[in-house]
Amino acid sequence: MTRLSINDVVYDLDVEPETPLLWVIREQVGLTGTKYGCGVAQCGACTVHIDGVATRSCAIPVSTVTEQQKIVTIEGLSPDLAHPVQKAWLELDVPQCGYCQSGQIMAATALLNANPRPTEQQIREEMTNICRCGTYNRIKAAIQLASNTMAG
Amino acid sequence: MTTLTVPRRGFLAGGAAAAAGLTLGFHLPFGGDASAQSVTPEVNAWVVIKPDDTVVVRIARAEMGQGTLTGLAQLVAEELECDWNKVTWEYPTPGENVRRGRVWQNFGTAGSQGIRQSNDYVRKGGAAARMMLVQAAANEWKVPVGECTVAKGVITHAVTGRSTSYGKVAAAASLLTPPPTDSITLKDPKTWTIAGQPLKRLDTPEKLNGRQIYSIDVKLPGMLNAALKICPVFGGKIKNFDVTQIENMPGFKKAVRVGDTGVAVIADTWWRAKTALDALPIEWDEGPNSKVQQADILAAQTEGLTASEAILGSKNGDAHAALASARRTVEAVYAVPHQHHVTMEPMNATALWTPQKCEVWTATQNAEAALATATEVSGLPIDKNEVYRLHLGGGFGRRSSSQDFVRYAILIAKEMPGTPVKTIWSREEDMTHGWYHPATQCRLIAGFDDQDNLNALHMRISGQSILATISPARLQNGRDAATFQGLNPEGPESQLGYTVPNLLIEHAMRNSHVPAGFWRGVNNNQNAIYLECFLDELAHSAKQDPLEFRRKLMANHPKHRAVLDAVAEKVGWGTPPPAGVYRGLAQQMGFGSYVAACAEVSVSDAGILKIHRIVAATDCGHAVNPQQIAAQVEGSFVYGLTAALYGEITIANGRVEQENFDTYQMLRMDEMFDVETIIMPSGGFWGGVGEPTIFVAAPAVLNAVFAATGIRVRQVPLSKTSLKKA
Ligand code: FES
Ligand code: FES
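Read top to bottom, the protein sequences are chains A and B.
The first sequence begins at -1 in the working numbering and counts up by one.
The second sequence begins at 11 in the working numbering and counts up by one.
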């Protein structure tokens, strides 16, 4: 049995230890907001927070995550879109197909938690997730908008 | 206003709707906006209004990020005169479309046609619904319909001071006979208040909290999952596999042949299915294609560049004679490789097959084609098949080029009758079994007369035809007309923007075993690189300004010239750019729209390219949602430049060498540049938006790279050429 804490809920799961966290979240836990894009830590579609740090869950065997670590997925961020990053995303109508956006939002919230006032250059360097639809400029603008509102 | 009376008849589709009755039976367990689905009778095929005034607009075309869903809803809402804040949507199914005599017409979403080809009938759908709703109110009040006015879904009879809302009269309206189509007058776009506005998308909120259910997220009771492997060599077959090696693995249910080309493992979860499949010993019959190398494909193209026979694209004057007598000639060969679509959501579909019925849940750009595929593969009559539509995690032509993801899902599910099976392609499977942007080369020869005017141009394209792969029946005497996108002498779709006295454009078709498909922008992409980069070469050879050189050839093409002029003016062409920054131009017309771009770039001594700014102009006739057009323009540069800078699919031993993002690089935020979009709809026509800007992305940047370095990059991707200072 593997025990995980996801979005403040504790799950006891029957999975092989080498199963990537992504697939445990999607298939055993049933939270499908976290996406599969590449499986090799390249695209960031599978980004979740582990103890607040943005982590590509497709490349993490579930056995390396302890039950003390707090996993947060897009569903746990704020279901009613109250998080300033979600608000900024809504305000600037960021998503196109939207498939990458769970990962983008999780990467952006982790970035702002660690660095509430990132420079444009820091945003460019930190935000390495792929968006095939090409929403990068709106993502960047939304992070700046969220940074401003969070800083009050 | 026409008077409408009971009983109801089918609207737009003759009597078919009446025959189908009023119960729609939309069977969308979670397709579309679940909250929008209701048993409320429709006003007509396009509009359902619930008692609480919620307006549900039916969307036939697919939403894959391009914003068509919101744009189409705006057009319907505009004519309906409803309250935009109450608008939501749902996807009708293709099975319902068949049952109702194609009342929603075409579901196909490709060629940037979603809005431009359906705007007329969806607007009429909105207008007809409005007429019926107002009539219903007039009937109830027993007043002349002409005395009633409507605004934001509220109908008013000023004379008697009464008013009511759409939601209150919708049930009565649904019983009225629809107005004849020719009695419907559409609004002048100049008076639009919902269409034409930069409104927010209708589908954003659920993309921000994980609630959006994509096809890959579908869950059904008792569902199993399948992982798929098709022979890595195109055209190869499955010979054998040894299931004894994996049948004790966790979650394993079954290993099955998929047609004669592949094998799938079905398990309780997809990860277990994939793990077992990876461990499965498989023997392939790779066939003769396993000997094909990239060099063979390129050699065939090179041969075609000068082969004596070629298919005529278009001609005027006598290019051969004019070149023979030219004062001077310029010649160049360009090459563009295969590209992969790489939708962020890999191919997938869920199928539930029984001997009585076949149901499919998937993300497709053409749900009617998906239904046809289901009908073919399921072995059941068309009315025993259904396809439920979900938003696409990217399409870009992949999900219209083929419905192979539906085919495989059904073949697999047929091995488990009564059990829903979701088949997901791994990224590796997806990338190595695509429908690739055709690989072509082009030889261009230009001749100048005694005044050094461009007098002759010969363009010989050599390489793959998309239609020869996808739909050979659409070839005309062996000619693939789509090869000449952007180079046609006339027509509203993809017209060449230049007049050259002696012009010859040809195609030497050289197909390989690599499947070609429609890749966002399609053949316009390479044709714009060929022509726009070569024109830049010609301007430099004539020591003329690239803008003025083009403009002289554009007198007969004022719309092409207008977008080019617009970017030149906005970028400040003719004034010096910032120190170290250089500019390049391109224009092209395609999918009914006129586009142009100017790129500003710098190249360091070490050869590092930086794109600083791109100014782009689009004349799409009518602009339904300017902020979404701007989003498409920006995204198009990312898509087009990812290919121009990095994209290349290559073949070794008959198979694709690139399997994932580590070997097929994407443009990311660190390289992103500013995009300034000029939207200049000139009216009188409807052009597409999702693709056209891609055409000009690569040539504008490549021309700017030449301005910066003097290096003429004639081979895409640019990453193959060193820009280091000698
Ligand atoms: S799916 Fe994890 S990084 Fe791509
Ligand atoms: S919005 Fe489609 S991949 Fe980012």
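These are calculated hints, taken from the structure and not from any lab test.
Incorrect hints may have been included.
[To be verified] Which residues of chain A face chain B? A few of them, derived with a C-beta cut under 8 Å, are:
(1) I72
(2) P82
(3) T117
(4) Q120
(5) R122
We put the beta carbon where it would ideally sit given N, CA and C, even for glycine.
Results for each hint:
| no. | hint | verdict |
| --- | --- | --- |
| 1 | I72 | 4 Å, holds |
| 2 | P82 | 12 Å, violated |
| 3 | T117 | 13 Å, violated |
| 4 | Q120 | 11 Å, violated |
| 5 | R122 | 5 Å, holds |
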